[in-house]
Each structure stands twice: as C-alpha cells, then as structure tokens.
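Number of protein chains: 2
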Amino acid sequence: MTEPTPMTRDELEAALRKIGATRYHNLHPFHKLLHGGELNKGQVQAWALNRYCYQSAIPRKDAAFIARTTDRNLRREWIHRVEDHDGDGIEEEGGIERWLALTTGLGLDPAMVISTEKALPATRFAVEAYVEYVQKGSMVRAVASSLTELFAPKIHEERISGMLENYDFIDESVMKYFRRRLTQAPRDANFALNYVLEHATTRALQQDAIEALTFKCNVLWSQLDALYFAYYSPAMIPPGAFRPDEV
Amino acid sequence: MTEPTPMTRDELEAALRKIGATRYHNLHPFHKLLHGGELNKGQVQAWALNRYCYQSAIPRKDAAFIARTTDRNLRREWIHRVEDHDGDGIEEEGGIERWLALTTGLGLDPAMVISTEKALPATRFAVEAYVEYVQKGSMVRAVASSLTELFAPKIHEERISGMLENYDFIDESVMKYFRRRLTQAPRDANFALNYVLEHATTRALQQDAIEALTFKCNVLWSQLDALYFAYYSPAMIPPGAFRPDEV
Chain D
6 MTEPTPMTRD
16 ELEAALRKIG
26 ATRYHNLHPF
36 HKLLHGGELN
46 KGQVQAWALN
56 RYCYQSAIPR
66 KDAAFIARTT
76 DRNLRREWIH
86 RVEDHDGDGI
96 EEEGGIERWL
106 ALTTGLGLDP
116 AMVISTEKAL
126 PATRFAVEAY
136 VEYVQKGSMV
146 RAVASSLTEL
156 FAPKIHEERI
166 SGMLENYDFI
176 DESVMKYFRR
186 RLTQAPRDAN
196 FALNYVLEHA
206 TTRALQQDAI
216 EALTFKCNVL
226 WSQLDALYFA
236 YYSPAMIPPG
246 AFRPDEV
Chain P
6 MTEPTPMTRD
16 ELEAALRKIG
26 ATRYHNLHPF
36 HKLLHGGELN
46 KGQVQAWALN
56 RYCYQSAIPR
66 KDAAFIARTT
76 DRNLRREWIH
86 RVEDHDGDGI
96 EEEGGIERWL
106 ALTTGLGLDP
116 AMVISTEKAL
126 PATRFAVEAY
136 VEYVQKGSMV
146 RAVASSLTEL
156 FAPKIHEERI
166 SGMLENYDFI
176 DESVMKYFRR
186 RLTQAPRDAN
196 FALNYVLEHA
206 TTRALQQDAI
216 EALTFKCNVL
226 WSQLDALYFA
236 YYSPAMIPPG
246 AFRPDEV
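Order-wise, the sequence lines are chains D and P.
Counting from 6, one number per residue, gives the positions in the first sequence under my numbering.
Counting from 6, one number per residue, gives the positions in the second sequence under my numbering.
Hints were generated in silico from the structure; no laboratory data involved.
Careful: at least some of the hints might be erroneous.
Pairs involving identical chains hold if they fit within one copy or between any two copies, as the list cannot separate such chains.
As the list claims (entries may be wrong) - When the alpha-carbon atoms are kept at most 25 Å apart in a straight line, the in silico DSS-like pairs for lysine-lysine are as follows: (1) K159 - K46; (2) K23 - K123; (3) K37 - K23; (4) K123 - K141; (5) K181 - K159; (6) K141 - K37; (7) K141 - K181; (8) K46 - K123; (9) K23 - K181; (10) K159 - K23; (11) K141 - K46; (12) K181 - K37; (13) K159 - K141; (14) K123 - K159.
Model the full structure from these sequences, guided by the hints.
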C-alpha cells in the first residue's frame, strides 16, 4: 500500500476551516438563544457556571500539553496560554478571574462556581475528555485540538453585543472576559494553525488534525446540548445539578 | 482537627444503597420509554449503538483497574470481568458479542456499531470518563464505581420483559445479553460491595466510595440524557451522529 498523497497546505487549511463552518458551537441553538436574549437569568446562570468548568480546566489542559513536548520553543510559546488564564495574582487577574466576575455579576456564589459541584456531569465529562485528549497521540493532534480559537472572535463579538443589548442583568464590567479574548485568541490560533500546517506533512498527520478539530467541536457542542436539554427544553435537570430556583 | 468517626458497616451500605435508590438510571425517563414500548425502532437502534460504546469499554476499564493493584487476590477476582465481556472466542462468546447480537438483530451494521463513529460524543465522553476514573484515587473509589451492578438485575428484568412484550422487532434471541447479566452482575456486585465495606475504614475512604458511586450513576444517567435529547425530545441530533433516517 502506498502512502496517500498529502493535501497541500491550502487544502488542509480549507478542510480545517470547513469543520469550523459546519460544527463550531456558534451554530448551536443554545448560542443563538443566549446572545439573542431568549434566556432567563437562571438559564444564563446555568450557562456561566457550567462554562466555568471549561475555563478553569484550560490551564491544566495546556500544562499537560507542555508536559509532553521536548520542543523548548513550543513550550515557550504555549506557556503564555496558562498565564493568560491563571493570571499572576498581582498585575494580571487572568481569564478565570474574569470569568468569575461574570458569574458573580450574575449573582452566583463564587465558592459554588469554583467547586464545579453543581455543574452538569455532561459538562465535566466533555471538559475532562479534552484534558485527556492532548496527552495522547501526535503533537499535531494536540495542537490542532486548540484550533477552535480560529472561530472564537466571531462568537465573542456576538456574545458581547447580544448579551449587553438583551439582558438588563448584564453590564460591561462582567463582559471583560470576552473583550480580552478578542485579542488573545487570534494570536494563539494563528500560532497553532501555522504549527499544524507546517508539521502535518503526511496524510496520517493531516487526518489527525482534522479529527482533533472535529473532536474539539464535539466537546464544545455537547456542552451546549447538555445546557439546552437541562435548562431549556425539555428542561430536565439531572440529579444534583444546579437548579435556578434554589439559588 | 480530629478524624471524624467512620460510619458503621451497615450505615455505609445504607448510604450506598440510597444513592442507587435516588440516582440509578432506572429512574430516568428514557429507561421508562424504552421498556414501556414508547420508542420507535430508530430510537431503540440509537440506544443500542450508543450503549455499545459503554459495553465495549468495560474490559478496558477493568484491565486498567487490574493494572494498578498489587493485590493478587483482587486481580484474580477481577479478571473474570474482562473475560465475561470479551469471551474467549471459542466456547464463550462474551457480553460484547451478545450486545452485537442485539444491534445486529435491530438491523444495524456491526462494523458501524463497532467503530463507535456514529455514537453521540456525550456517550463517548461519559464512557471514557469512567475508564479514566478507576485509574486515579484510592482502590476503594475504583471498586465502588462498579457498585451500580447492585441495582442492575432489576433494570435488566424490566428491560427483558418490557422490550419482548412491547416491540415486534425484539425477540428472545437478541435479549441474551441481559439474561446472562442476571447471574453475572450479582456475583460481581456482592464481591465489590464486601470489598468496599471491608476496606473503607475511614471517613475519607467512605466518602470516596459515596462519591464514586454517585459519579458512576452520573455516567449512566448522562448517557440517557444524551439519548433523550438527541432522539426523543427535542430530538436534536448533534453533527455526525447516527441518524435513523439514513440507515
């Protein structure tokens, strides 16, 4: 069996962008409900506290990534992702702290949010699957799983304008997470895209990249599925999860 | 700080059984729809092929469990779980093969089922979370996560009688998985329960056992949540997942 011809750089980039165009969670009905002002405060609270699980796992995911590469330049580039989310506790608060400004602004107890005890099990399973994912397979796969950030600025812009406009319980001060990501995400995404395009030189590695980005879209999509199901329709909240009426 | 007084053996058993009584997935509406004959064939197919992900992961989960214990007696006891599911390919077909008899009997291509490509991402995340779970923390935690088998015979009996009675596309030959588990599950569950009651001698280990059984109930419950959401109501099938109308 001969090795199949690899895609060109442009073909691979087009294949990756097509995954975003068809599977990124900006296409999910829950996203449309959220930024379109169709949710009540309890539903927005549920979204914010579940999404905290994801935000707070990112530095573990990125540290696990760094832990497995012998490429010092790659480690040097990647470490700022950990710092962006964790902050330094002095000058830079970091993305997790900014997310907590959102959940606190929504009236949620930060200790409850940080515990993640009230998050949906489906959220935690999806998030931890992502933390595990970057620890296995090729480095191309691990890098490519971060490429959803290529599509993030658009969703952040929709969220900022939509949520500020449509909810009287949301103001500018709690939206600072998204404002900051508007500049951080493109830098990270461009580095990761270039890394993948440069290193995915065989069909097998290109397939790794495509599968990894699909996987990551599933991680994000399934989180919105779980929120839609538990809090919107049919609104069946699993045992032990956050109940807006009990806050 | 003094160590809190451990529960008695009976108190711990009661606490574990209470988790089953309030969180086991026989209480989930999808289970009731399934055995009550309220689903169409496509929905039963979706259930069977998603549940295959879980069935087929069990030997990996049990091997990962065996891989971490230095207790030879525990390994000797546990290995038959791997054999029960994998069979020997000669005299004993094993539980996975019996599950494939069900999916094939439902008209699904076994290669598609085995690939798990059409399963819901949420199913895969939950299943892999279970495989990871037994590899971390105390052995009590790892053993206790199997204790849902204490509650399994009841659900299997409901499934056998309900599905045979209510669906003309289900006959005795495809229900053999459940018949066999009626005898296998209690043996395993009794061993695991005794192990936990014997080894969970501190409050911390008892808490491990309680959390582990809760976790496992969440693994099972979230799989039915995902099926209900994707295939029953609001019937929003995620990108790439099984579509009954495309078989």
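Tested hints:
For a Cα distance limit of 25 Å, the shortest separation of K159 from K46 inside one copy, 23 Å, qualifies, whereas the shortest one across copies, 40 Å, does not. Taking the shortest Cα distances, K23 and K123 sit within 25 Å of each other only across copies (20 Å), while inside one copy they are farther apart (35 Å). Taking CA atoms no more than 25 Å apart as the test, K37 paired with K23 passes inside one copy only; the shortest distance there is 20 Å, against 40 Å between copies. For the homomeric pair K123 and K141, the shortest alpha-carbon distance between copies (22 Å) is at most 25 Å, but the shortest distance inside one copy (29 Å) is not.
For the homomeric pair K181 and K159, the shortest alpha-carbon distance inside one copy (16 Å) is at most 25 Å, but the shortest distance between copies (51 Å) is not. Taking CA atoms no more than 25 Å apart as the test, K141 paired with K37 passes in neither setting, with 34 Å inside one copy and 38 Å between copies. Neither within a single protomer nor between protomers do K141 and K181 lie at most 25 Å apart by alpha-carbon distance, with minima of 34 Å and 36 Å respectively. Taking the closest pair of Cα atoms, K46 and K123 come within 25 Å of each other only inside a single copy of the chain (16 Å); across copies the shortest separation is 35 Å, beyond that limit.
When the C-alpha separation of K23 and K181 is checked against a cutoff of 25 Å, the pair qualifies neither within a copy, at 29 Å, nor between copies, at 44 Å. Taking identical chains as interchangeable, the C-alpha atoms of K159 and K23 lie at most 25 Å apart only when both belong to the same chain, with a minimum of 15 Å there against 47 Å between chains. Taking identical chains as interchangeable, the C-alpha atoms of K141 and K46 are never at most 25 Å apart, the minima being 39 Å within one chain and 37 Å between chains. Taking the shortest Cα distances, K181 and K37 sit within 25 Å of each other inside one copy (20 Å), while across copies they are farther apart (45 Å).
When the C-alpha separation of K159 and K141 is checked against a cutoff of 25 Å, the pair qualifies neither within a copy, at 30 Å, nor between copies, at 38 Å. When the C-alpha separation of K123 and K159 is checked against a cutoff of 25 Å, the pair qualifies neither within a copy, at 29 Å, nor between copies, at 29 Å.
When held up to the earlier numbered hints, the structure conflicts with 6, 7, 9, 11, 13, 14 and fits the remainder.
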